[in-house]
Amino acid sequence: MSLALSYAPKPRPFARRALPVSSRPAGRFLSRVLDGSSPSDVQKVGLIRKNGKCRKEVRLLRTWFQKLSDISSLASTEATLKDALTDAVRELGFDCYAYLNIQPVRTTAISNYRHEWQQRYFERGYKDIDPVVTTARARMEAFTWAPESPRKLSSRVRAFYAEAGDWGIRSGITIPIRTAFGHMSMLTVASHKPSLSLEHDIDQLAAVTAVALLHAKLEQHEPEPTARAPVELTARQALCLKWSAEGKSMKAIAAIEGMSFATVNFHLNNARKALDAGSLPQATALATKLKLI
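According to this note's numbering, the residues represented by the sequence shown are 719 to 1011, in order.
Source of the hints: derived by calculation from the structure; they are not laboratory data. Source: prediction; values computed, not measured. Careful, some of the hints might be misleading.
[What the hints assert, rightly or not] Here are the computed lysine-lysine pairs in the DSSO-like style, where the Cα-Cα straight-line distance is at most 27 Å: (1) Lys-911 x Lys-800; (2) Lys-935 x Lys-960; (3) Lys-991 x Lys-969; (4) Lys-935 x Lys-911; (5) Lys-935 x Lys-845; (6) Lys-969 x Lys-785; (7) Lys-935 x Lys-800; (8) Lys-960 x Lys-785; (9) Lys-774 x Lys-845.
[To be verified] Here are the in silico distance ranges between beta carbons for each label pair: (10) Ser-794 x Glu-964: 33 to 39 Å; (11) Pro-849 x Ala-980: 39 to 45 Å; (12) Ser-867 x Thr-952: 40 to 46 Å; (13) Glu-796 x Arg-842: 33 to 39 Å; (14) Ala-963 x Ser-872: 40 to 46 Å.
Note that beta-carbon positions come from the ideal geometry of N, C-alpha and C, so glycine has one too.
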């Protein structure tokens, strides 16, 4: 049976083949509309279908975030975690992932982007112009992204997007989280597609919870980054910092190395600036952690 009218002397412009009757009101509405209706009714059908698609997208992402939480909880080794992340990202329909731990000087990445692109990203300081990082800092919530109209972008950002696109990174989802001492980490899943079809808000709680668990697991394993921001100290800066880390005062360092007090102070100050440290103790701690001394 059908709810389609059994007679129609003058078929209307929007006439369609009758659909099977559904016991639900939405099904009866669809059947009536597609048999013969006004343009406004057809728009309502489109809205119903769009809403159904949005609900499906939300459920899919929520399930994926739960899977990411499970992976973070169960992975016992660095290799297991990275392999599971790669598989999960592909199951979601994306190509690759990048986890950025953004801190002064020692920003690091764990990613399966092409190694050449990761190295180029850090060597050229792209973190400072990357619109995804800028948006993550400003919003601190999960969001989708794709290049805007070229006329709205600066020449540097246009060049950055074009280069990223050459490496197959054209759109994605990014979830930033606040970490200890006011720092930020973010997980990005990226696609070669020029835009995403996601049309509904992301479940923020599920997204942040999943990435927070991932961050905790990575902090626990302390994996070797796949790329990091380059930090360099001169030989004398490293030497003076090493003596400082050993508990020597600037006066003692000057006497040991045969330098003037002013020279030691000069090298230590430059080392502190190179490490973006607020104090000499912080500079020595950073240099030690980065294995520069």
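Each hint tested on the structure:
no., hint, in the structure
1, Lys-911 x Lys-800, "holds, 23 Å"
2, Lys-935 x Lys-960, "violated, 31 Å"
3, Lys-991 x Lys-969, "holds, 21 Å"
4, Lys-935 x Lys-911, "violated, 30 Å"
5, Lys-935 x Lys-845, "holds, 24 Å"
6, Lys-969 x Lys-785, "violated, 57 Å"
7, Lys-935 x Lys-800, "holds, 11 Å"
8, Lys-960 x Lys-785, "violated, 45 Å"
9, Lys-774 x Lys-845, "violated, 34 Å"
10, Ser-794 x Glu-964: 33 to 39 Å, "holds, 37 Å"
11, Pro-849 x Ala-980: 39 to 45 Å, "holds, 44 Å"
12, Ser-867 x Thr-952: 40 to 46 Å, "holds, 45 Å"
13, Glu-796 x Arg-842: 33 to 39 Å, "violated, 27 Å"
14, Ala-963 x Ser-872: 40 to 46 Å, "holds, 42 Å"
Hints 2, 4, 6, 8, 9, 13, counting from the list given before, are not met by this structure.
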